[in-house]
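A.B. asks: Each chain, letter by letter, is given below.
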Amino acid sequence: MGLRTQLATGSGRLVRWGLRSVAHRAGSQLPGRLAVSLDPHVIGELSSGILQGSVVVCGTNGKTTTNNVLAAAMEASGRSVACNRDGANMVPGVAGALLDGAVDMAAIEADELSTIHILPELKPRYLVLLNLFRDQLDRAGEIDHVQDTIVAALAASPQTVLVTCGDDPLCMGVAYRAAEAGTKVIAFGIAEDLHLPADRVPEARFCQRCGAELTYEYRQYAQLGAFSCPACDFARPRLDYAATEVTVGREGVAFDVSGPGLPAPLRVTADFGGVYMVYNLLAALVAAHLMGVAPDAFQRALDGYHPANGRLQRFRVDGREVVLNLAKNPTGFNQNISLLLADDRPKAAFFVVNDHDNDGNDISWIWDVDFERFAAEPDLMVIAGGIRANDVQVRMKYAGITAPLAGSVADALAMVADLPRDRPLYVLTNYSALWSAKAELERMGERL
Amino acid sequence: MSARTVRIAHLYPELLNLYGDGGNILVLKSRLAWRGLGCEVHEVAIDDTPSFTDVDLVFIGGGSDREQRIVCEHLLRQRSELAAFVEDGGVLAAVCGGYQLLGESYLMGDEKIAGLGLVDLYTDRGDPRLIGNVCVESRISPQPIVGFENHGGRTHLGPGVEPLGRVLSGFGNDGVSGEEGCLYKNVVGTYVHGPLLPKNPGVADYLLSHALERRYGTGSLEPLDDAAELAANDYMRERLLGPRA
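Chains as they are written, first to last, in this note's numbering: chain A, 1 to 448; chain G, 1 to 245.
Source of the hints: derived by calculation from the structure; they are not laboratory data. One or more hints might be untrue.
What the hints assert, rightly or not - Here are the in silico distance ranges between beta carbons for each label pair:
id	chain 1	residue 1	chain 2	residue 2	range
1	A	Tyr-218	G	Arg-66	22 to 30 Å
2	A	Arg-423	G	Ala-231	23 to 31 Å
3	G	Ala-33	A	Gly-407	25 to 33 Å
4	A	Gly-249	G	Pro-223	55 to 63 Å
5	A	His-356	G	Gly-126	26 to 34 Å
6	G	Glu-162	A	Leu-448	29 to 37 Å
7	G	Gly-152	A	Gly-252	42 to 50 Å
8	A	Ala-414	G	Ala-231	19 to 27 Å
What the hints assert, rightly or not - Keeping only pairs whose Cα atoms sit at most 20 Å apart, straight-line, the calculated SDA-like set for lysine to any residue is:
id	chain 1	residue 1	chain 2	residue 2
9	G	Lys-29	A	Gly-400
10	G	Lys-29	A	Thr-402
11	G	Lys-29	A	Gly-259
12	G	Lys-185	G	Asp-226
13	A	Lys-184	A	Asp-100
14	G	Lys-29	A	Gly-182
15	G	Lys-29	A	Asp-370
Note that the structure is a prediction, hence the values are computed from the model and not measured. Don't be surprised by glycine CBs; every beta carbon is placed ideally from N, CA and C.
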């Protein structure tokens, strides 16, 4: 390690110590930012201290959960692990996660557009690409641009193996191009029709190679499923790792996984729900397995995993169950609506939409969410919140729902106070609203 | 037929739906239904050959470069029909990428692509992209038009084309002229992308009343309770311009 890197890491650690011990803050950005400013190649220098190599996780939805489960599984197998657990997923956050020095492995969440800076430095053994959906168009640009960036990042780190969702035409668009440039690709997916209620296909209706309209043998959600192009050979690939015997419910998911090197049948179970969670956990399992983590260590880690970052967290406040989840783009929101509709209790929902820079300033996406599906839910009470509460209210009005405004979770709870206590309140927020909602719920109630 | 009905052609919703453009159709449909008026929406798919003879209102949304190009190639075949529709006073609303298609040409990278040539305007490019909330004063809406714009293109209007309005906050057509969008006969083009109509009920009703006027000779519309829409409009107007004097 050169003098410059030593200075960079030393300064970063000192600032982090100061933030944690003196200022009592998590300090997920500043130490790394300082280290990068002193040594732009600090990630590359620090990567040599990761003895058994690293995995980078990217994709529009599910990065943080997938990466944290992966890190927990690595730890359950007895390895020391570097991980940006709180989801600081651009260059400073990644540098900050590596400041502690030598570890066995690293599980690193990366923003899709940051892969172009992170991969050439970190040279991870695997890049996990979970999915690609429309998200923050004002910042991320069109999906084509995100795909181009990931392809370029892989080209700049030729030893990195791409582990990606074979069910997602947009991920496979990246995989085809990366493979042509020499990247090794491993595909995972769900190898059976889950017969889920249809939602809309926001993008990728058309072939990534020739532009013809894709056809589906079956579709799980959004554009994910057993797709093929009627005009060329673009199709869901043979899945290297496939989930079957899938059960999906609000209370959890379970599935079998088959693939090279795995004992058959390998059953994975988790007590948090949603079809997207099957994909996340399948990706985490495959990455863990490829890194040499035994399946029993993975399941052990999963059994002990409790989301603490506002993703699908459950609370009880004055005897009422409150479910908190992140919903920051149309597909994420549509999946949340599926979760909500799968809960057969009458319920209330509080939708919170902010438009800070880290949310995306443009909230046009709320018009791409299928709120019309609530027509099947006559007793649902909806409350609108966040900086753009008025826009949420208008969106609800055109979905046939009268939604009053609330300024906080406490206000929303006061509005539903007259409803029976056994009716849960779902609090769905986009990115920046998640932390304040979580803090409020931790103050007012208890974790379930 | 008792109730007046508006026939809407939504052009290529599968391709031109970058920013929640479907919201515009939902708003038009709802505002007709709330008044007891009829609405038929025909979603034109890429392999369809649309006819505009029985259409009252055409909507064109925004798409990515690639999608915009596919659409333009298809639509060029219908150019003369669309031009006849426009010249006959047909109502056409185009946002974002759809707005650029209305002109003589636009740039994709460095390549000049022929547009539909329905309105005397053309689009070149500039740096940087013009991104952010926007507020526009327009004669077609009692409230300022508020929304979001995100475009690399710079659109220039020909001498006979009226801008949709004056930029109060944001960039508009080119970031320098202070003009936003275009108005030509019953064509409304704007960079205010995606869900233009939900927070701008005045624009929605302008389109609907002109469509009804053309078909039935009367474009009168019952007033609606727009409290939620106007609150959302007001919030953004105040945020961008400060409290009303």
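A.B. asks: Next, verify each hint and record whether it holds.
C.D. replies: Taking the hints in turn, this is what the structure says about them:
1. Range check, Tyr-218/A to Arg-66/G: Cβ separation about 27 Å, and the 22 to 30 Å hint holds.
2. One distance hint, 23 to 31 Å for the beta-carbon pair Arg-423/A and Ala-231/G, holds here, with the actual separation near 28 Å.
3. Checking the proposed 25 to 33 Å range against Ala-33/G and Gly-407/A shows it holds: the Cβ atoms sit about 32 Å from each other.
4. The hinted range of 55 to 63 Å is not satisfied by Gly-249/A and Pro-223/G, whose Cβ atoms lie roughly 47 Å apart.
5. Taken as a hint, the range 26 to 34 Å holds for the pair His-356/A and Gly-126/G, whose Cβ atoms sit roughly 27 Å apart.
6. Glu-162/G and Leu-448/A have their C-beta atoms about 60 Å apart, which leaves the hinted 29 to 37 Å range violated.
7. At about 46 Å, the beta-carbon gap between Gly-152/G and Gly-252/A stays in the expected band of 42 to 50 Å.
8. Between Ala-414/A and Ala-231/G the Cβ separation comes to about 21 Å, which falls inside the hinted range of 19 to 27 Å.
9. For the given pair, Lys-29/G sits about 12 Å from Gly-400/A by alpha-carbon distance, which is consistent with the 20 Å threshold.
10. Distance restraint check for Lys-29/G and Thr-402/A: the Cα-Cα separation of roughly 18 Å lies within the 20 Å cut-off, and the hinted pair is therefore satisfied.
11. Between the alpha carbons of Lys-29/G and Gly-259/A the distance comes to roughly 50 Å, so the proposed pair goes past 20 Å and is violated.
12. With a C-alpha separation of about 27 Å, the suggested pairing of Lys-185/G with Asp-226/G is violated against the 20 Å cut-off.
13. A C-alpha spacing of about 31 Å is found between Lys-184/A and Asp-100/A, which places the hinted pair above 20 Å, so the restraint is violated.
14. Between the alpha carbons of Lys-29/G and Gly-182/A the distance comes to roughly 51 Å, so the proposed pair goes past 20 Å and is violated.
15. Taken as a hint, the Lys-29/G and Asp-370/A pair is honoured in the structure, with Cα atoms around 16 Å apart against an allowance of 20 Å.
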